[in-house]
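Note that the protein sequences, when read in sequence, are chains A and B. Quick note: the first sequence, position 51, residue 51 per the working numbering, numbers continuous. Quick note: the second sequence, position 15, residue 15 per the working numbering, numbers continuous.
Bear in mind the hints are in silico, worked out from the structure with no lab data behind them. Careful, some of the hints might be misleading.
[What the hints assert, rightly or not] Result set (BS3-like, lysine-lysine): computed pairs, CA atoms no more than 25 Å apart in a straight line:
(1) Lys45/A x Lys83/B
(2) Lys54/B x Lys45/A
(3) Lys134/B x Lys59/B
(4) Lys45/A x Lys182/A
(5) Lys64/A x Lys64/B
(6) Lys54/B x Lys59/A
(7) Lys83/A x Lys45/B
(8) Lys97/B x Lys46/B
(9) Lys64/A x Lys92/B
(10) Lys71/A x Lys59/B
(11) Lys45/B x Lys45/A
(12) Lys92/A x Lys64/B
(13) Lys46/B x Lys46/A
(14) Lys71/B x Lys46/A
(15) Lys59/A x Lys46/A
(16) Lys83/B x Lys64/A
(17) Lys54/A x Lys64/B
(18) Lys46/B x Lys71/B
(19) Lys83/B x Lys111/A
(20) Lys46/A x Lys134/B
(21) Lys46/A x Lys97/A
(22) Lys64/A x Lys71/B
(23) Lys54/A x Lys54/B
(24) Lys46/A x Lys54/B
(25) Lys59/A x Lys45/A
(26) Lys46/A x Lys64/B
(27) Lys46/B x Lys54/A
(28) Lys45/B x Lys92/A
(29) Lys71/A x Lys64/B
(30) Lys54/A x Lys45/B
(31) Lys92/A x Lys139/B
(32) Lys59/A x Lys111/A
(33) Lys71/B x Lys54/A
(34) Lys46/A x Lys83/B
[To be verified] Computed, partial: chain B to chain A, Cβ under 7 Å:
(35) Pro49
(36) Thr51
(37) Tyr69
(38) Ala121
Each residue gets a CB set at the ideal place from its N, CA and C atoms; glycine is no exception.
There are 2 protein chains.
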Amino acid sequence: MKYPNSNKEYVRPKVSAANRGMSLEDDINTTNRYYLTNDIAVIHKKPTPITIVKVDYPKRSAAKITEAYFKIASTTDYNGIYKGKYIDFEAKECESKTSFPFSSIHQHQIKHLSDVTRHGAIAFIVLRMTYYNKDFLIKAEDFLTFYNSGRRKSLSYAWILENGHEIGSSYYRPCDYLETVKNIFEF
Amino acid sequence: MKYPNSNKEYVRPKVSAANRGMSLEDDINTTNRYYLTNDIAVIHKKPTPITIVKVDYPKRSAAKITEAYFKIASTTDYNGIYKGKYIDFEAKECESKTSFPFSSIHQHQIKHLSDVTRHGAIAFIVLRMTYYNKDFLIKAEDFLTFYNSGRRKSLSYAWILENGHEIGSSYYRPCDYLETVKNIFEF
Chain A
1 MKYPNSNKEY VRPKVSAANR GMSLEDDINT TNRYYLTNDI AVIHKKPTPI
51 TIVKVDYPKR SAAKITEAYF KIASTTDYNG IYKGKYIDFE AKECESKTSF
101 PFSSIHQHQI KHLSDVTRHG AIAFIVLRMT YYNKDFLIKA EDFLTFYNSG
151 RRKSLSYAWI LENGHEIGSS YYRPCDYLET VKNIFEF
Chain B
1 MKYPNSNKEY VRPKVSAANR GMSLEDDINT TNRYYLTNDI AVIHKKPTPI
51 TIVKVDYPKR SAAKITEAYF KIASTTDYNG IYKGKYIDFE AKECESKTSF
101 PFSSIHQHQI KHLSDVTRHG AIAFIVLRMT YYNKDFLIKA EDFLTFYNSG
151 RRKSLSYAWI LENGHEIGSS YYRPCDYLET VKNIFEF
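This is chain A alone, in the form it adopts within the complex (with noise of 0.2 Å):
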């Protein structure tokens, strides 16, 4: 197997899926939090969006929220800024074992990512398929090149395979996948 656009030998690289914990969205936020301890990138979750209808204000004490909904995200849920470019990506977890389908990313989400990719954005999917207990990270621009050619409505795991790039873990960094961007984007 070999690099897209490469003539090197694809070398397995050493992941290790041993300090994942129980969420995508807990290992990111305790990757990210050692990127900011670390100062190796300012990334960080965006809060959800909600529609608040009615609020409380109780003597001596903080407001309540007493009616709100939830909202669909109009943007990717994560992003920030490492080595002075600005980093955009949605996170997604997918329980099948042969494909991600589309559907599991909001219409918003993807305009966005194009949106951010035209702009010069360091813009990607971080996909765990927890069957195979594997984290990949999938570039926007490839996954907007499949995702427009309209042939399918999903990615298939072979085509997560072949176009993905595997996030590697450690103790600290249970999704490290800005070590991976490093590798793969241009800097």
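Model the placement of chain B on the given structure of chain A, informed by the hints.
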């Protein structure tokens, strides 16, 4: 012409404020929509961070959050990408005639502005001085230097006039901060 309640001579601003709306947040959101629609930049406001305590899942209707509390933001409210650069800013309205108190910005946000600046962001504060009906862009770098000097607990209006950069407005861009960014940051 004189300001109401003031003996100061009215000096016509070099920028028009005629198109400003009710709140700075609304004006920035309108401006960001213009930037997005016209493919100038991709900059979004982050959702308000809250802690969700209780959610009801009624049959046949949307999940309803019935208990939640506001959290202190750990980052600034706005970020995104412009000309390939990571943009990050906080927006504040100030009603005082004389100064903008540091207590109006959370410690977390100041740390965040410092973090992203160190990593090469274009970072700043958009400050609306409502009494004067003027918006200013203050570079995070300039703000942090003054803040860290420990000399004062606020920015005086004189300091803002000297170190800030006035932001113009037009119908579709009621707070056209990127025009100011273009002029004062290097690309």
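Hint by hint, here is what the structure shows:
1. Lys45/A x Lys83/B: Between Lys45/A and Lys83/B the Cα gap is close to 23 Å, so the pair holds against 25 Å.
2. Lys54/B x Lys45/A: holds (21 Å)
3. Lys134/B x Lys59/B: Roughly 50 Å between the alpha carbons, so the hint for Lys134/B and Lys59/B is violated.
4. Lys45/A x Lys182/A: holds (20 Å)
5. Lys64/A x Lys64/B: holds (14 Å)
6. Lys54/B x Lys59/A: Measuring from Cα to Cα gives roughly 21 Å; hence the hint holds.
7. Lys83/A x Lys45/B: OK: Lys83/A and Lys45/B at ~23 Å, within 25 Å.
8. Lys97/B x Lys46/B: Not satisfied, since the Cα-Cα distance of roughly 29 Å exceeds 25 Å.
9. Lys64/A x Lys92/B: Holds: Lys64/A and Lys92/B sit about 24 Å apart, inside 25 Å.
10. Lys71/A x Lys59/B: holds (18 Å)
11. Lys45/B x Lys45/A: holds (13 Å)
12. Lys92/A x Lys64/B: holds (24 Å)
13. Lys46/B x Lys46/A: holds (6 Å)
14. Lys71/B x Lys46/A: holds (13 Å)
15. Lys59/A x Lys46/A: violated (30 Å)
16. Lys83/B x Lys64/A: violated (41 Å)
17. Lys54/A x Lys64/B: holds (11 Å)
18. Lys46/B x Lys71/B: Answer holds: Lys46/B to Lys71/B is near 13 Å, not above 25 Å.
19. Lys83/B x Lys111/A: Answer holds: Lys83/B to Lys111/A is near 18 Å, not above 25 Å.
20. Lys46/A x Lys134/B: This hinted pair is violated, its Cα atoms lying about 30 Å apart.
21. Lys46/A x Lys97/A: violated (29 Å)
22. Lys64/A x Lys71/B: Since the Cα atoms of Lys64/A and Lys71/B sit roughly 11 Å apart, the hinted pair holds (cutoff 25 Å).
23. Lys54/A x Lys54/B: holds (14 Å)
24. Lys46/A x Lys54/B: Distance ~20 Å between Lys46/A and Lys54/B Cα, so the pair holds.
25. Lys59/A x Lys45/A: violated (32 Å)
26. Lys46/A x Lys64/B: holds (20 Å)
27. Lys46/B x Lys54/A: holds (20 Å)
28. Lys45/B x Lys92/A: holds (22 Å)
29. Lys71/A x Lys64/B: Satisfied, since the Cα-Cα distance of roughly 11 Å is no more than 25 Å.
30. Lys54/A x Lys45/B: At roughly 21 Å apart (the allowed maximum being 25 Å), Lys45/B and Lys54/A satisfy the hint.
31. Lys92/A x Lys139/B: Since the Cα atoms of Lys92/A and Lys139/B sit roughly 36 Å apart, the hinted pair is violated (cutoff 25 Å).
32. Lys59/A x Lys111/A: It is violated: about 44 Å lies between the C-alpha atoms, which goes past 25 Å.
33. Lys71/B x Lys54/A: Answer holds: Lys71/B to Lys54/A is near 16 Å, not above 25 Å.
34. Lys46/A x Lys83/B: This hinted pair holds, its Cα atoms lying about 22 Å apart.
35. Pro49: For Pro49/B, the interface hint holds, since the closest Cβ of chain A sits about 4 Å away, which is under 7 Å.
36. Thr51: Violated, because the Cβ-Cβ distance from Thr51/B to chain A comes to roughly 9 Å (cut-off 7 Å).
37. Tyr69: Constraint on Tyr69/B satisfied, holds at 6 Å.
38. Ala121: At 5 Å from the nearest chain A Cβ, Ala121/B passes the 7 Å test, so the hint holds.
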